[in-house]
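Colleague: Now for the letters of each chain:
Number of protein chains: 2
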Amino acid sequence: MPKNHLNNENPTYKKLNDLYSIQMAKGQLYETIITTKNINGFEKYQGHLKESDDLKTDDKSTNTNGPVNAAPIGVLCKNSKQIVLYLYEGTHTVNNIHNQDYFIVNITQNPIIFTKSTLEDLSDEYFEYYHEIPFLKDADAFFVCHVIKIKEITKQNDLGSSKMSIVTANVEEVVKMKSQAIPLNRGVYAVIESLIHYTRFELADEETKTSYWARIKEMDRLVKKVGSPQEKAALSRIIKEIEENFKDLD
Amino acid sequence: MPKNHLNNENPTYKKLNDLYSIQMAKGQLYETIITTKNINGFEKYQGHLKESDDLKTDDKSTNTNGPVNAAPIGVLCKNSKQIVLYLYEGTHTVNNIHNQDYFIVNITQNPIIFTKSTLEDLSDEYFEYYHEIPFLKDADAFFVCHVIKIKEITKQNDLGSSKMSIVTANVEEVVKMKSQAIPLNRGVYAVIESLIHYTRFELADEETKTSYWARIKEMDRLVKKVGSPQEKAALSRIIKEIEENFKDLD
Chain A
9 MPKNHLNNEN
19 PTYKKLNDLY
29 SIQMAKGQLY
39 ETIITTKNIN
49 GFEKYQGHLK
59 ESDDLKTDDK
69 STNTNGPVNA
79 APIGVLCKNS
89 KQIVLYLYEG
99 THTVNNIHNQ
109 DYFIVNITQN
119 PIIFTKSTLE
129 DLSDEYFEYY
139 HEIPFLKDAD
149 AFFVCHVIKI
159 KEITKQNDLG
169 SSKMSIVTAN
179 VEEVVKMKSQ
189 AIPLNRGVYA
199 VIESLIHYTR
209 FELADEETKT
219 SYWARIKEMD
229 RLVKKVGSPQ
239 EKAALSRIIK
249 EIEENFKDLD
Chain B
9 MPKNHLNNEN
19 PTYKKLNDLY
29 SIQMAKGQLY
39 ETIITTKNIN
49 GFEKYQGHLK
59 ESDDLKTDDK
69 STNTNGPVNA
79 APIGVLCKNS
89 KQIVLYLYEG
99 THTVNNIHNQ
109 DYFIVNITQN
119 PIIFTKSTLE
129 DLSDEYFEYY
139 HEIPFLKDAD
149 AFFVCHVIKI
159 KEITKQNDLG
169 SSKMSIVTAN
179 VEEVVKMKSQ
189 AIPLNRGVYA
199 VIESLIHYTR
209 FELADEETKT
219 SYWARIKEMD
229 RLVKKVGSPQ
239 EKAALSRIIK
249 EIEENFKDLD
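Chains as they are written, first to last, in the numbering used here: chain A, 9 to 258; chain B, 9 to 258.
Everything labelled a hint here was simulated from the structure, so no lab data went into it.
20 Å max Cα-Cα, derived EDC-like pairs, lysine to aspartate or glutamate: (1) 240(B) with 128(A); (2) 124(A) with 249(B); (3) 22(B) with 181(B); (4) 217(A) with 226(B).
All values reported here derive from a predicted model rather than from experimental measurement.
Here chain A stands alone, though its shape is the one from the complex (with noise of 0.2 Å):
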């Protein structure tokens, strides 16, 4: 990216340092929405791309039919500056990494735009362009990530294996473009969901009581997987409760 690309402001975006400025927190996995573009597919429209240095976003005449892409995709926090994806292979999202050092993450809680990005391809009306690099014009904040690593590995799971690339980046430069903007996090809601099931464990019968605390270990596999120290706390807090008043459960 041009080093000075930040010389002149556009007073509607406001630039924050790192990660934790919009209340990311290390080690915790949030769900966003990757913005990548196809280099290869935008090679044919070069002329039309310009440096811009500033913070306004490009001519949209740009992203006429551009090889733009969005998926609803996972993001771990591995510390303010630093995040890591786990992709597997054969998307949209994950050659276009391969194949280019940039991509954005859009954070955003609109339904519709999960719904649509995960159901469809996004038209070209949802995307504006910051420096070359396709984001959702909607979002509520959004991050510049430099990809610097990537690792491919083979996953064994249920169904076989799956390759899947481990993709770590830098975080460039964090733009807020709401006055709220927060990063989607399951956690809590494993939380909430869990207590929900335990109180009405006493009132339900043997089977239902079986997939309240079957539900309720996949709430805690979560929050292992997503969640912030006191989200885990809570769920192993929540499990001991009904192991300590439901012996026969396994």
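Please build the complex by placing chain B on the supplied structure of chain A, with the hints as guidance.
Modeller: Here is chain B on its own, set in the frame of chain A:
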């Protein structure tokens, strides 16, 4: 409450106009902690309680062994100044609300407070008092509610019938205590969870498909109860997509 209780504001608190100013929306249901006191239990402490004319909290000594209660409860935002609660009979919260006109709804995302207030009685040090009504001192925000109607109903369910109270209350004051105060709503998480199941549908065996499908339909019922119009639309879209692509599901 005293008419002129807000003449001298405590600068650490920010008084807001209504529920919309803490991001609540009409028709949505939020996970909160409701704090109440047992007015009968309080009679013996009346000598210590004093009318306060400002936003300062009461002297902590008034709380010694005070029969206060905190419980996780869903709060339906009826409009900017009114809420509705559905309470099962027999709990401290419903008894206390039957016996006095005021209670406080606490906004927090703290998983430890949700867990402790479900599993045990919160100890005195969690509470402070705002015009003699208990609230959680660690809350991000809270609002004072004045009961205007209680309707008792009998609800039929799988296990027979249970008595419930439907409590309608006016919101008299909204107080923000932290710069970020976001009420917990499960809607967007129901969408995220459904999307995760959706993306795994194709590779799943029949039994797993059936359990994913049951879960997605449960998430649909959940967003209909708690969520925003966008979240409801997202779930409808996901369900339509599955029904079109996997016709043999019921």
